[in-house]
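Keeping the supplied structure of chain A fixed, place chain B upon it in accordance with the hints.
Chains A and B, in that order, give the protein sequences. Residue 103 in full-length UniProt numbering sits at position 103 of the first sequence, and the numbers go up by one each step. Residue 69 in full-length UniProt numbering sits at position 69 of the second sequence, and the numbers go up by one each step.
Just so you know, the hints here were simulated from the structure itself, not pulled from any lab data. Fair warning: this is a prediction, and the values are worked out from it, not measured in the lab. The reader is advised that the hints may include incorrect statements.
Which copy is meant is left open, because identical chains are indistinguishable; a pair holds if it fits in one copy or across any two.
Derived DSS-like pairs: lysine-lysine, alpha-carbon spacing no greater than 25 Å straight-line [what the hints assert, rightly or not]:
no.: 1; residue 1: K269; residue 2: K250
no.: 2; residue 1: K93; residue 2: K269
no.: 3; residue 1: K269; residue 2: K285
no.: 4; residue 1: K156; residue 2: K89
no.: 5; residue 1: K243; residue 2: K269
no.: 6; residue 1: K156; residue 2: K243
no.: 7; residue 1: K250; residue 2: K232
no.: 8; residue 1: K45; residue 2: K85
no.: 9; residue 1: K285; residue 2: K195
no.: 10; residue 1: K195; residue 2: K269
no.: 11; residue 1: K220; residue 2: K238
no.: 12; residue 1: K96; residue 2: K85
no.: 13; residue 1: K89; residue 2: K198
no.: 14; residue 1: K360; residue 2: K232
Protein chains: 2
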Amino acid sequence: MRLIGKEEIENIAIGAALLGTGGGGDPFVGKMMALQAIEEHGPVKLLDVDEIEDDDMIVPSAMMGAPTVLVEKIPSGDQAQQAFKSLEKVLNKTIKATMPIEAGGVNSLLPLALAASIGLPVVDADGMGRAFPELQMVTFYLNDVSTTPMVLADEKGNNMVLNTVNGKWAENIARSATMVMGGSVINAIYPMTGKQVKESSIYRSLTLEEEIGRTIREAKQNKQNPIDEILKLLGGFKLFTGKVTDIERKTDGGFVRGMATIEGLGQDKGEQCYLEFQNENLMAKTNNNILCMTPDLICALDTETSLPFTTEGLRYGARTTIIGIPADKKWRTERGIEVAGPRYFGYDNDYTPVEELNRKAGK
Amino acid sequence: MRLIGKEEIENIAIGAALLGTGGGGDPFVGKMMALQAIEEHGPVKLLDVDEIEDDDMIVPSAMMGAPTVLVEKIPSGDQAQQAFKSLEKVLNKTIKATMPIEAGGVNSLLPLALAASIGLPVVDADGMGRAFPELQMVTFYLNDVSTTPMVLADEKGNNMVLNTVNGKWAENIARSATMVMGGSVINAIYPMTGKQVKESSIYRSLTLEEEIGRTIREAKQNKQNPIDEILKLLGGFKLFTGKVTDIERKTDGGFVRGMATIEGLGQDKGEQCYLEFQNENLMAKTNNNILCMTPDLICALDTETSLPFTTEGLRYGARTTIIGIPADKKWRTERGIEVAGPRYFGYDNDYTPVEELNRKAGK
Numbered sequence: 001m002r003l004i005g006k007e008e009i010e011n012i013a014i015g016a017a018l019l020g021t022g023g024g025g026d027p028f029v030g031k032m033m034a035l036q037a038i039e040e041h042g043p044v045k046l047l048d049v050d051e052i053e054d055d056d057m058i059v060p061s062a063m064m065g066a067p068t069v070l071v072e073k074i075p076s077g078d079q080a081q082q083a084f085k086s087l088e089k090v091l092n093k094t095i096k097a098t099m100p101i102e103a104g105g106v107n108s109l110l111p112l113a114l115a116a117s118i119g120l121p122v123v124d125a126d127g128m129g130r131a132f133p134e135l136q137m138v139t140f141y142l143n144d145v146s147t148t149p150m151v152l153a154d155e156k157g158n159n160m161v162l163n164t165v166n167g168k169w170a171e172n173i174a175r176s177a178t179m180v181m182g183g184s185v186i187n188a189i190y191p192m193t194g195k196q197v198k199e200s201s202i203y204r205s206l207t208l209e210e211e212i213g214r215t216i217r218e219a220k221q222n223k224q225n226p227i228d229e230i231l232k233l234l235g236g237f238k239l240f241t242g243k244v245t246d247i248e249r250k251t252d253g254g255f256v257r258g259m260a261t262i263e264g265l266g267q268d269k270g271e272q273c274y275l276e277f278q279n280e281n282l283m284a285k286t287n288n289n290i291l292c293m294t295p296d297l298i299c300a301l302d303t304e305t306s307l308p309f310t311t312e313g314l315r316y317g318a319r320t321t322i323i324g325i326p327a328d329k330k331w332r333t334e335r336g337i338e339v340a341g342p343r344y345f346g347y348d349n350d351y352t353p354v355e356e357l358n359r360k361a362g363k
Numbered sequence: 001m002r003l004i005g006k007e008e009i010e011n012i013a014i015g016a017a018l019l020g021t022g023g024g025g026d027p028f029v030g031k032m033m034a035l036q037a038i039e040e041h042g043p044v045k046l047l048d049v050d051e052i053e054d055d056d057m058i059v060p061s062a063m064m065g066a067p068t069v070l071v072e073k074i075p076s077g078d079q080a081q082q083a084f085k086s087l088e089k090v091l092n093k094t095i096k097a098t099m100p101i102e103a104g105g106v107n108s109l110l111p112l113a114l115a116a117s118i119g120l121p122v123v124d125a126d127g128m129g130r131a132f133p134e135l136q137m138v139t140f141y142l143n144d145v146s147t148t149p150m151v152l153a154d155e156k157g158n159n160m161v162l163n164t165v166n167g168k169w170a171e172n173i174a175r176s177a178t179m180v181m182g183g184s185v186i187n188a189i190y191p192m193t194g195k196q197v198k199e200s201s202i203y204r205s206l207t208l209e210e211e212i213g214r215t216i217r218e219a220k221q222n223k224q225n226p227i228d229e230i231l232k233l234l235g236g237f238k239l240f241t242g243k244v245t246d247i248e249r250k251t252d253g254g255f256v257r258g259m260a261t262i263e264g265l266g267q268d269k270g271e272q273c274y275l276e277f278q279n280e281n282l283m284a285k286t287n288n289n290i291l292c293m294t295p296d297l298i299c300a301l302d303t304e305t306s307l308p309f310t311t312e313g314l315r316y317g318a319r320t321t322i323i324g325i326p327a328d329k330k331w332r333t334e335r336g337i338e339v340a341g342p343r344y345f346g347y348d349n350d351y352t353p354v355e356e357l358n359r360k361a362g363k
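If we strip away everything but chain A, and leave its shape as in the complex, we get (with noise of 0.2 Å):
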C-alpha cells in the first residue's frame, strides 16, 4: 500500500494521455478531479494487487458520456457513496476497493478522485492497459467477468443499479440513460472478487502511468532523450519520425475516425507514415510497410516536449514521434485479437506483434 498524492497525480496524467494512445479522453479533466478531490480529502491508498484478498468485493469505475460536461457537474461524494451504497445492498457485499477501467484518459484518474470523496482505496490494476472506444474491449470480459449489476449516477442525484442479461444490453440501457441524466454520470461496474481482478486485469497500470510521467520529467531534468527512455521503460519501438502535413477527421456515432499523414524527416526523409484512428490510434503504415497495428499501442508523442499528442491535438505542422510498444500479453491470445484485433476494425490485416513488424520493416 501506499498513498497517491498531488506530485503522484501529475505524473500518473502524462503516463494516462500516452497509454491513451490518443484517445479515453482528456486527462487534464481527469487531473483536475482527482487534484481537487485530494486537496479536499486528503491522498489516496493505493493498493498492490497481491494486497487484495480472493474474496474481497472490487468495484472498478469509470465515466460515461462527454468528459467536458461531466467536469462542471462530477457528483458529489455524498451522491457517489449513495450510488456505491445500492450496489453493495444488490451484491450483499461491502466493497473494498475500485480500479480502473481503462489505462488512458480521463478513465485512468476518476477512480482516484471518486476514491478520495468516497474514502476506499485504489486497487493498482485495470482493464485494459490501453484505452479503447468500446466498453466490451477489457480483459475482465475475456475472462467472462459480467458487466453488472452495475450502478451509475448522475450529479443530481439519481442514481441506477442496473442488472442486463449481457454487456450489450447494459451499454444500451446505460447509454440512453446517461442521455437522460444530463450527458455524463459516472458508473461502477463489472463487480470482481479478488480472486477475479487477479485473473482478469493488467496489474500495476497506475503504477506503470505514474513511472513514465516521472520518466518524461525525469530525463528533461537529466539533458536525457525522454521518448528514448520511454522506449526502455515500456520496451517499445521509434516507428517513423516526422511532420504532419495532413489531417482528416470525421465525428460519427460517438466516434472520432481519421487519418493523419506524417512526411518523413532525419533518417524517415523521403517516407510517409499514416495514422489510422477511431478515438485510439488503431494503425500505423508507410507506403511499403505496416509499422504497428491495434491491440499493440501506437503514440504520437511531441517531439519537442516528448508529451502525448491526443487525436484531438493533433494539428498541421506538429513535429511527431510515432512509437510502438507491445500490447499485454492478455490481448495478444486468439479471443483478445478477436475483440480488439485489426480486423474487428475493419482492417483486411491479420494482427502481427509490432516487433515482428519492426524486424520485417529493418528498422
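Relative to chain A, chain B alone:
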C-alpha cells in the same frame, strides 16, 4: 382474504374498463394475462387493507409503455421474481404483497397476473380509484410517498433499480429505458409500508371493479337496466344520452387527445354533448352547462350493452350514455385538484363536483 379466480377476473375486467373512464389501456390485454397466470399457477390471494400490518412492505406494480407490445412478451414469473428480489435487496425488506397503482384498464389486472406468477398476494386498493394519464397522478403522491426505489424489468431478463431525487426524474429515466428495453416493461414502484398504504391508497377498488362487472351481468340476467343499477352502486349520475356524430382524435407525445360530439336522443333530443379526453375523459359539457369534470369520473357506456367504451373504441354512430361518478374524496382536496383537476389539464374552470353541476343543470 379471499381468492380471485377466473370468474372474478372476468368481472374485474368490466369494472376496470368502466373506472378507466375511456383510458388506461385495453383491459382485454390485462384480462388475458391474468387468466393465463391463474390457469398456470392457481388463484390469487386478495388481502383487505385491514389485513396488512403497518410494517409490511407493499410494492405496487404496473406496466409502462405500449400494452400491445407487452402482451406478446410479458416477463416470465422468473424474471418478475428476479426484479422483485433486486428491489427487496435495496429495500432490505421482504415484499409482502403487490397492488395496482390505478383502477382502470390493463394496470388493474397486471398486478393480479404478476402476483399469480410470483406467488404474492394482492392488496385490495389502488392509487387512483380510476385511470389518469401521468405517473404522479396517484394518491400516494398526494401523501408524499416516494416514487423510488422502483424496478423496471423486461421479458429478456434485464432489470433496473432506480433511485431518483423526485418522481419527474423517475418518469424521464424510466420512460427512456422502456424504449431501449423494447417499448414495454413491468415496473414495481412506490414501495410502501402497510401504514402508508392505509393512509394513502383508495380502498377496495378491486372489489368495486368486481361488483361493477357483476352488477352489469346480473342486471342483464334479471332484465333490469344495468346502467341504473351501476348508478345506484356508484352514486353516479346519468349525464346525457345520444349518438356520436363527430369524433376528433390526435396522438401527441404518447397521449390521445380529442373530442366526441354526441347528438341527444330521448329526453336530451335537440341538445349536444361534447366529451373531451386526454387518454381519459376529462370534461363533459353541453352548449349551456358543464356536466362533469376531472377528477370526477366520466364514462361513456354503450347504451345497448351497458359496457364501457374506451376513447379509442368510441366511433361515429355509436349510441352512448354518458355517466358521471364522484371521485374519491382524496381527489377532492386542494392538493388533489391541483394535481388532477381541470386547471392542470388546461381548462379555465374551477373544479365543481358532479353532484353540484347536476343540480345546476336541473337534471
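Hints versus structure:
1. In this homomeric assembly, K269 and K250 never come within 25 Å of each other (Cα to Cα): the closest approach is 29 Å inside a single copy and 69 Å across copies.
2. Within a single copy, K93 and K269 get their C-alpha atoms no closer than 60 Å, and across copies no closer than 72 Å, so neither meets the 25 Å cut-off.
3. Within a single copy, K269 and K285 get their C-alpha atoms as close as 15 Å, which meets the 25 Å cut-off; across copies the closest is 87 Å, which misses it.
4. For a Cα distance limit of 25 Å, the shortest separation of K156 from K89 qualifies both inside one copy, at 21 Å, and across copies, at 23 Å.
5. Proximity of K243 to K269 under the C-alpha cut-off of 25 Å is restricted to the intra-copy arrangement: shortest distance 10 Å within a copy versus 90 Å between copies.
6. Taking CA atoms no more than 25 Å apart as the test, K156 paired with K243 passes in neither setting, with 46 Å inside one copy and 52 Å between copies.
7. In this homomeric assembly, K250 and K232 never come within 25 Å of each other (Cα to Cα): the closest approach is 35 Å inside a single copy and 70 Å across copies.
8. In the homo-oligomer, the alpha carbons of K45 and K85 lie at most 25 Å apart inside one protomer (20 Å), although the nearest pairing across protomers, at 35 Å, exceeds that limit.
9. Taking the shortest Cα distances, K285 and K195 never come within 25 Å of each other, neither inside one copy (40 Å) nor across copies (71 Å).
10. Within a single copy, K195 and K269 get their C-alpha atoms no closer than 51 Å, and across copies no closer than 82 Å, so neither meets the 25 Å cut-off.
11. In this assembly of identical chains, the alpha carbons of K220 and K238 lie at most 25 Å apart only when taken from the same copy (18 Å versus 91 Å across copies).
12. For the identical chains of this complex, K96 and K85 are neighbours both inside a copy (12 Å) and across copies (24 Å), given an alpha-carbon limit of 25 Å.
13. Only within a single protomer do K89 and K198 lie at most 25 Å apart by alpha-carbon distance; the minimum there is 24 Å, versus 28 Å between protomers.
14. In this homomeric assembly, K360 and K232 come within 25 Å of each other (Cα to Cα) only inside a single copy, at 21 Å, whereas the closest approach across copies is 94 Å.
Figure legend: structure checked against the earlier numbered hints; hints not met, in rising order: 1, 2, 6, 7, 9, 10.
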